[in-house]
Amino acid sequence: MNQYFAGVPSHAAPEAPRCDAGTAAAKAAQRREVHDPHANLDLVMRLYRIPEHRSADTPALEVLNIILGQGESSRLNVSVVRRDKAAVGAGSILNPYGSRNGPGVLAAYGIVNQGVSADRLDSLLSQQLDSIRANGISAAELDKAKNILRAGFIDNRETTFGKAEELHHYLTFHSTIDEINTDLDHLLTVTSDDVKRVANAYLAPANLTRLIVRAGAGPTSGGGQ
Amino acid sequence: MKPRNVGRLDGWKVGMLTVWTLSNIPTFQLSAQEPFPTRPPAPVRLRPVQFPPFREVALPNGMTLLLVENHEQPTLSVSLSFRAGSAYDPAGKEGVAAIVAELLTKGTPTQNAEQIAEAIEGVGGSIGASAGDDFLAVSADVLSDHAELAFSLLGDVTRRATFPDQELELARTRFLSALEVELSQAQNVAGRAFQQEIYGRNPYGRNTSAAAYKAITRDDVVGFAGRRLRPTGSLLVVAGDITLPRARELATQAFGSWHGAAPPAPAFPAPPAKRGTDILLVNRPGSVQSNIVIGNTTFLPTDTTYYAARIATHVLGGGSDSRLFIILREQKSWTYGSYAALRRNRGVGFWQATFEGRTEVTDSALTELLHQIDRIRTEAIPDSELVAAKGFLVGSFPLTIETPRQIAQVVSTSRLLGLGSDYVQHYRERLARVSAARARAAAQRAIHRDAFTIVVVGDAKALYDRLKAIAPVRLVDIAGKATDPAELNPKGGPVAFDRSQIVARSDTFHALVQGNVLGGQAAKVDVMGDSIVYTEATTIGQFQQLSRVVLNSDLSMRRTDQTGTVQGQHTEIHLSYAEGRVKGTSMSPQPGGTPKSITVDTTIPAGTIDDNVLALLLTALPLEQGKTFNLNVFSTGEGTTKVVSVKVAAFENVAVPAGTFPAYRLELSGMQLPLVMHVTQQAPRRIVRIAPTGAPLVFELVK
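As given, the protein sequences belong to chains A and B, one line each in that order. Everything in the first sequence is counted per the working numbering, starting at 1 for the first residue and increasing by one. Everything in the second sequence is counted per the working numbering, starting at 226 for the first residue and increasing by one.
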């Protein structure tokens, strides 16, 4: 370390970039459409602002994300892909760009199946999100999410590289690196009420940016809107 | 912890992450300090690595149980492999193995797909299956408290999968969508063509297709599973927090009562013997990049040439410190990456080198690739490169056996490929012993310089002549159909139009820019006495244009007048056609801001049509699926005649605001931008949709 890095002069930390896109900026739902001539199928993405990673709401958002859109048994896969057959794939992603010290994003998405309109898929995605906001989640779903999180903690720490990545994550995005040993406990204390509360706080219509990516080629995809 | 996103948008995520990464690389300035070392530190001496212990047990029903016991973490991975890969797909039903794998976890007599997913994900685990060329593997990962669940689910799905009809249809839709995405990427088109070329009738050379996916029935799926998923000869690999007695007990519970002889092992046709190097050029018109794959089939996985050939291949193109990357990317700036690889199958493997780069450097890159391949076959590798390649391959091996799952993967690959019981223990030392002379000899054996298959996917019009100077070229279209090189530079000629399609009418289109209506077009046809008048008025933002074309009743040209404004520039065209000449003036907009004026007085070939009336006359072509028309079109802005090719690609149902129409899909090339137009099948024909390729603009018929 000294041989290669000791000579790098120290300096004051640069000023943190400002980001005004926090949850407080949410005033009304936004809709954006873009055209991608290289895309084969349309994509619908519902993007919601969420707080920074060290927020006390993050553990409940992680549980919500798993129940909503991670895995075969997730709500979006079971309902939108399998039962409604409206998407060739659907799910959710928490911070697709990685964890954030500033505002983050929860994305619920679906790739439109042939013969289905993007608006129809968007409405089906919305129904699933609204259902969690109105009715919360089941005890079995909460257990599942916690088991998946527990397994993920073990998986992430198996290799040398995985351990290094975890140390970097806690050093960069948590209040103290010591949370590497306590974070799982926080996640395991999340309740169904916590999940319903964060769903109502962050999946609110005014906090939504709806993005539709239109496939450029193929005149039949998506149909007339 | 880092959030676990296990969604299906992997490509999308990777793309976004790449953009993020590229835009966030900091640029350091080290001026006020010691210069940064110019050489990386010398590698430390390799330490001996003992391959972790594992045990192998033959079960009474013919299965082999392989255990990697490791209690460091409370996790367990169980995987069961069969010789049931895509090589065993029935001809014309390519994709059966993959569909069997997809459907194994989608229902048994006691659990449907959702119940299986809930059972395994409910305990934080996962289950899935996949089919490669040789093998089909079904595997489950769980926390070790749930070992019994993992074994019982694996037993249930492997022995009692019901392959429900509705799940088959869901899988078919998903596979067809995935295939469409695959075929839209030139790299995949090149890879598929290469496999087909080098393996010929050998099953490794077959590719999936929409027709094959559509032909697969439930009987095919059930039959394949019944024939190929048999206990005898299968390999059950258990890795993680479990003891041998417990693993054996759970394996016996799940599979003990399952009996059946090994699946048949049909003899596959040998790959074709190739006598000379040639180039298969796959035409992708308008492509700005080319993909090159060069290579040949090699040898069986047990061939001991592998180790030295692996070292030579790594020096040539194994990574970012290899010759192809350094020369073609770092020195020439021709590509993001160029690589070489040696692949093993259960049967004969293959060697390949790949390149992706701009059309205009394709022939130079191919020449350089061949030169570097010659060097690796004829020159001894210098010590510095040999030490670095061995250091990488030998030194990185321990990183591939860090977790029980990784260990199990390495051991099972060696077993499935029949590499011998001591393979994993001696892998590093066999690589470390390779000398420069042996590496060169292995390269000569593995790389058939005089009998290469070279596949190039790109714009054949720009590439054909240049590649012909390197090796004989066979030209095919994107579907693999042989094409006459003369078609790359088509000659236009008169076409017998169907006069009955031209009737008096008015059509209104809206213009969508990025999905938003930003203007429109009104097109009108008047039929009067000895003439037909076609008027087109277009407005899109600051673009306004009115054109009026008069045709004779036999659809030959008489006169064109056009006025318009394009971003503040005035445009005006007045031309008359008579006796094989076109005369008049043309003022057209230019990027610089000053319109270009030209005087036109030139001969034109018989049957030449004015570009302002192309949309009307397309409807009067004698359309027939699969046909291509080459029309002489006078470009009124440029004052020259061009050949526009109109390919009748397919019938499609097109939904536009005016309704849904069964339509011919016409693909036009030879103009500034390729276009896709849809023309109704029903007479008198109408245009319903116009979409330039690569521009976010679409015209759709409103009424």
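By construction, these hints were calculated from the structure, which means they are not laboratory data. From a predicted model like this one, the values you see are computed outputs, not experimental measurements. Do not take every clue at face value.
Dumping the calculated SDA-like pairs for lysine to any residue here, alpha-carbon to alpha-carbon at most 25 Å [to be verified]:
no., chain 1, residue 1, chain 2, residue 2
1, A, Lys85, B, Ala344
2, B, Lys439, B, Gly458
3, B, Lys439, A, Pro205
4, B, Lys716, B, Ala687
5, A, Lys85, B, Val406
6, A, Lys163, B, Asn741
7, A, Lys146, B, Thr866
8, A, Lys146, B, Ala344
9, B, Lys706, B, Arg724
10, B, Lys439, A, Gln114
11, B, Lys686, B, Phe854
12, B, Lys557, B, Gly511
13, A, Lys163, B, Ser512
14, A, Lys27, A, Pro205
15, B, Lys928, A, Pro205
16, B, Lys686, B, Ile912
17, B, Lys439, A, Ala39
18, B, Lys852, B, Thr866
19, B, Lys557, B, Glu593
20, A, Lys146, B, Asn857
21, B, Lys439, B, Thr457
22, A, Lys27, B, Gln421
23, A, Lys85, B, Gln421
24, B, Lys439, A, Arg83
25, A, Lys163, B, Gly511
26, B, Lys867, B, Ala883
27, B, Lys928, A, Lys146
Here are some chain A residues the structure puts well away from chain B; computed CB gaps all over 12 Å [what the hints assert, rightly or not]:
no., residue
28, Ala21
29, Val78
30, Thr160
31, Asn200
32, Pro205
33, Ala206
Glycine included, each C-beta is placed from N, C-alpha and C at the ideal position.
Each hint tested on the structure:
Between A:Lys85 and B:Ala344 the CA atoms are separated by roughly 22 Å; this keeps the pair inside 25 Å, and the hint holds. With a CA separation close to 31 Å, the supplied pair B:Lys439 and B:Gly458 exceeds the 25 Å bound. For the proposed pair B:Lys439 and A:Pro205, the alpha carbon gap of about 41 Å is over 25 Å, so the pair is violated. With a C-alpha separation of about 17 Å, the suggested pair B:Lys716 and B:Ala687 falls inside the 25 Å cut-off, and the hint holds.
In summary, the hint linking A:Lys85 to B:Val406 is supported, as the alpha carbons are separated by about 19 Å, within the 25 Å threshold. Taking the CA atoms of A:Lys163 and B:Asn741, the gap is near 48 Å; set against the 25 Å cutoff, the hint is violated. At most 25 Å may separate the alpha-carbon atoms for a hinted pair to count; A:Lys146 and B:Thr866 exceed this at roughly 70 Å. Restraint check for A:Lys146 and B:Ala344: the C-alpha separation of about 14 Å stays at or below 25 Å, so the hint holds.
Under the criterion of a C-alpha separation no larger than 25 Å, the hint pairing B:Lys706 with B:Arg724 is inconsistent with the structure, at around 33 Å. A C-alpha spacing of about 16 Å is found between B:Lys439 and A:Gln114, which places the hinted pair at or below 25 Å, so the restraint holds. The hinted pair formed by B:Lys686 and B:Phe854 meets the criterion: a straight-line CA distance of about 18 Å does not exceed 25 Å. At most 25 Å may separate the alpha-carbon atoms for a hinted pair to count; B:Lys557 and B:Gly511 meet this at roughly 24 Å.
Our distance criterion of 25 Å between C-alpha atoms is broken by A:Lys163 and B:Ser512, whose separation comes to about 44 Å. Taking the CA atoms of A:Lys27 and A:Pro205, the gap is about 9 Å. The hint holds against a cut of 25 Å. For the hint linking B:Lys928 to A:Pro205, the alpha-carbon distance of about 36 Å lies beyond 25 Å, and the restraint is violated. With a CA separation close to 29 Å, the supplied pair B:Lys686 and B:Ile912 exceeds the 25 Å bound.
Simply put, B:Lys439 and A:Ala39 have alpha-carbon atoms about 23 Å apart, close enough for the 25 Å limit, and the pair holds. For the given pair, B:Lys852 sits about 22 Å from B:Thr866 by alpha-carbon distance, which is consistent with the 25 Å threshold. Proximity of B:Lys557 to B:Glu593 is assessed by CA-CA distance (about 10 Å); at most 25 Å being required, the pair is judged to hold. Only pairs whose Cα atoms come within 25 Å are accepted, and A:Lys146 paired with B:Asn857 is rejected, the gap being roughly 68 Å.
Proximity of B:Lys439 to B:Thr457 is assessed by CA-CA distance (about 32 Å); at most 25 Å being required, the pair is judged violated. The suggested pairing of A:Lys27 with B:Gln421 is violated, with an alpha-carbon distance near 56 Å, which exceeds 25 Å. Distance check on the hinted pair: A:Lys85 and B:Gln421 sit about 34 Å apart at the alpha-carbon level, beyond 25 Å; violated. Proposed proximity of B:Lys439 and A:Arg83 is supported: the alpha carbons are some 22 Å apart, at most 25 Å.
About 47 Å separates the Cα atoms of A:Lys163 and B:Gly511, which puts this hinted pair outside 25 Å; it is violated. A C-alpha spacing of about 33 Å is found between B:Lys867 and B:Ala883, which places the hinted pair above 25 Å, so the restraint is violated. Note on B:Lys928 and A:Lys146: the hinted pairing is violated, with a Cα-Cα distance of about 56 Å set against a maximum of 25 Å. For A:Ala21, the condition that its CB be more than 12 Å from all CB atoms of chain B holds, with the nearest at approximately 16 Å.
The claim that A:Val78 lies off the interface is violated: its Cβ sits roughly 6 Å from the closest Cβ of chain B, which falls inside the 12 Å cut-off. Not every Cβ of chain B is farther than 12 Å from the Cβ of A:Thr160; the closest lies at roughly 7 Å, contradicting the non-interface assignment. Against the 12 Å criterion, A:Asn200 stays outside the reach of chain B, whose nearest CB is about 21 Å from its own CB. With a closest Cβ-Cβ approach of about 22 Å to chain B, A:Pro205 is found to remain outside the 12 Å limit, as its non-interface label requires.
The beta carbon of A:Ala206 sits about 23 Å from the closest Cβ of chain B, which is more than 12 Å, so the claim that it is off the interface holds.
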